[in-house]
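Participant: So the chains spell out like this:
Protein chains: 2
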Amino acid sequence: MSAPKGNALIGQSGGPTHVINQSLVGVVETALACPAIGKVYGALHGFKGVLEENLIDLGAESRETLEAVAQVPGAALRSVRKKPTVEECERAFAVLKRHDVRYFFYIGGNDSAETAHILSEMAAREKHELVLYHVPKTIDNDLRATDFCPGYPSAARYVSLCFLGDNVDVRSLPGIKINVVMGRNAGWLTAASALARQHPDDGPHLVYLPETAFDPEEFVASVDAVNKRLGRCIVAVSEGIHDAAGKLFADSKETDSHGNVQLSGSGALGDKLASLLKARLGEKLRVRADTFGYAQRSYFGAASAVDSGVAREVGRVAARLAASGAAPTGTISIRRESGSPYRANYVRSELSAVAKVTRPMEAELLSGVHDVSPAFLDYLRPLVGELPRAARLSDIAVPKR
Amino acid sequence: MSAPKGNALIGQSGGPTHVINQSLVGVVETALACPAIGKVYGALHGFKGVLEENLIDLGAESRETLEAVAQVPGAALRSVRKKPTVEECERAFAVLKRHDVRYFFYIGGNDSAETAHILSEMAAREKHELVLYHVPKTIDNDLRATDFCPGYPSAARYVSLCFLGDNVDVRSLPGIKINVVMGRNAGWLTAASALARQHPDDGPHLVYLPETAFDPEEFVASVDAVNKRLGRCIVAVSEGIHDAAGKLFADSKETDSHGNVQLSGSGALGDKLASLLKARLGEKLRVRADTFGYAQRSYFGAASAVDSGVAREVGRVAARLAASGAAPTGTISIRRESGSPYRANYVRSELSAVAKVTRPMEAELLSGVHDVSPAFLDYLRPLVGELPRAARLSDIAVPKR
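Chain order of the listed sequences is A and Y. Residue 95 in the numbering used here sits at position 95 of the first sequence, with consecutive numbering throughout. Residue 375 in the numbering used here sits at position 375 of the second sequence, with consecutive numbering throughout.
Treat the hints with care, as some may be off.
Copies of the same chain look alike in the list, so a pair counts if it works inside one copy or between any two.
Lysine-lysine pairs mimicking DSSO-like chemistry, simulated, CA-CA at most 30 Å apart [unchecked claim]: (1) K284 to K272; (2) K284 to K83; (3) K48 to K400; (4) K39 to K5; (5) K278 to K48; (6) K278 to K247; (7) K247 to K272; (8) K82 to K278; (9) K48 to K284.
Since the hints were made in silico from the structure, they are not lab data.
So here's chain A without its partners, still in its complex pose (with noise of 0.2 Å):
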């Protein structure tokens, strides 16, 4: 096929990362240098703002305005959850044609890539010329066919720098200390606290996936002999643990339109496992449960500098491949060629490579029911980045007298 000539549309997409305006940048600067691409347009809050016709003219923006945009986290175009329905996509299509746009990139996660499935099925049913790229991100790292999702690795940096400042917290007034971590179906984001273990015994001390089902018996007896042995025990936990039927420990009644139970956003989880402890192992023990909260998406000051240029770079790869003529859809997918210092190089794979099946965390990724193994965290490390030294004094004891 040949690049067909027309405008483009770029939306963003589910929840929102500390780099998804660098895809966004990337997408927009190379776009724009494009001679089958006229116009560069944003549509306002994804899907949603096609169907709306609210649309806004990325070309239109300063140079300077769209590099500070890439350094800000949150959609900058702002975002929607939401999966179209039949009806909803012949309209789009409608405002797509109106404005003579022929090339639509969609950043986002699985959910996104789906809608940008459907979006290319019926594109191909109208036989409506439309070149159509996901451009990954998502802080859960569970999109399949690349080495890692652009914003998982500063959520990770941000989750590993609470876990290093809890060390020296709990280290100072110790106690149990329970962090709940955001990923529903993988547990990529809550494996990453395990990087702030720089002395033998610093936490977290135990790590609960949802790629293992969940015990809480297990948990009980291994926060107690953690307690026992260091006087304090630091329990990171995903808020998608579950037992081995696959029903969730902490349960909602609210889910989205994709079928997601809503987790995030309350305590629920972390209370609930802190009063499990207190009633099996004393009420005077002290127990506290911190839930990440969204911070761990859009805290102002954690971007990985691989994570950001990688971002950029995966938004510009998207542009070129669509106006290169070489297929009319696709994902981007990352190929790590050396670890330090981080290098890629990016590859087109097919939608359906990354829709709707996420990706859990491989076993050899996982050790025993509540850790991960070293091998995860060579995969990690490059992305995050070098962390601060939690520096200790040396404790030299004054003899007794």
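Using the hints, position chain Y against chain A.
Facilitator: Leaving out everything else, chain Y in the frame of chain A:
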């Protein structure tokens, strides 16, 4: 009085901060240079370490270790929450005498100042010459007789950065967002959220502090009004909000030995407020509640430059004043000389000026029942330092076709 000759002992007490080790190192480096002071010891876990004679030799630490430790959050000497009994004070004095300790520095908040006060009275009764200085720290900023409390500006910086992130996050995916911020009796830290306002529609749109009685009806009505106007609402809530009679909105059974109710380390308050909004404004409303947790005082990388510098200097001044023989007891007060750049001088105050009674925000720093005044922002800005810019796209609309 003249300065006694003998050893110095340092302890850290209460909740740690980002810069509490700057003060520790400030005391150590200055005490080591004082001719009157022999050895410089640290007590592990504050008063508990004195009682149990768990002392370490801080003079044996390398300059490099001390400098590295100064940068790290958490109490490097480890901390304690303890109100000593008379019997414990007697045992502690026996330890001090055995180790020829003539200088005791207690780095802590108002509870710690109270402990220091009790110790000093006992020293006077026992006619044991003991120079006793309180070195102020608390993220709560609720000590009297000082411009600010070391630890507060860094915690305020972290809170501001979180709200900066929430502004872009909630603008991306609109809804109601409640953030619960630490602060039992005083709203200083919650109020710092207001620094995150860079655009006219930025949050926090409502700021609820313990200085004002919390009225659930007013809360529901105000959230509803903001949400109707902007399509979103970000609320900053202090964990210590209470009704006109002083009854906490979030109640807990756990108290420490100073009688403080446990409020942190639980998501209960945020979830209760979220449930209230859903019950009153509709179950379909997107409401999320985050409780910021211990990262507020221990996140690696949020330390403000002014805070770090002043915390160090407060430690140095305490050691200098103690060894000068000017007065046997005291605490260090910070007096602001200029805001931008921040400059301060340091004076001695009586322990009684900071012990027991806390300092709520003054009326002129508040505005109505759910906001702070411009005077508060003028006070806070130089302490927190420059914040990243939350750049936005210009949103140049494409005409509908």
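Participant: Hint by hint, note whether the structure agrees.
Facilitator: Here is what the structure says about each hint:
1. K284 to K272: So K284 and K272 pass the 30 Å test inside a copy (16 Å) and across (24 Å) alike.
2. K284 to K83: Between copies only: 18 Å across chains, 48 Å inside a chain, cut-off 30 Å.
3. K48 to K400: between (71 Å within a copy, 15 Å between copies)
4. K39 to K5: within (10 Å within a copy, 80 Å between copies)
5. K278 to K48: For K278 and K48, the Cα distance is within 30 Å only across copies (24 Å; inside one copy 46 Å).
6. K278 to K247: Answer is both; intra-copy 23 Å and inter-copy 25 Å each pass.
7. K247 to K272: Both: 15 Å inside a copy, 25 Å across copies.
8. K82 to K278: Answer is between: at 22 Å across copies they meet the 30 Å cutoff, but 40 Å inside does not.
9. K48 to K284: between (51 Å within a copy, 19 Å between copies)
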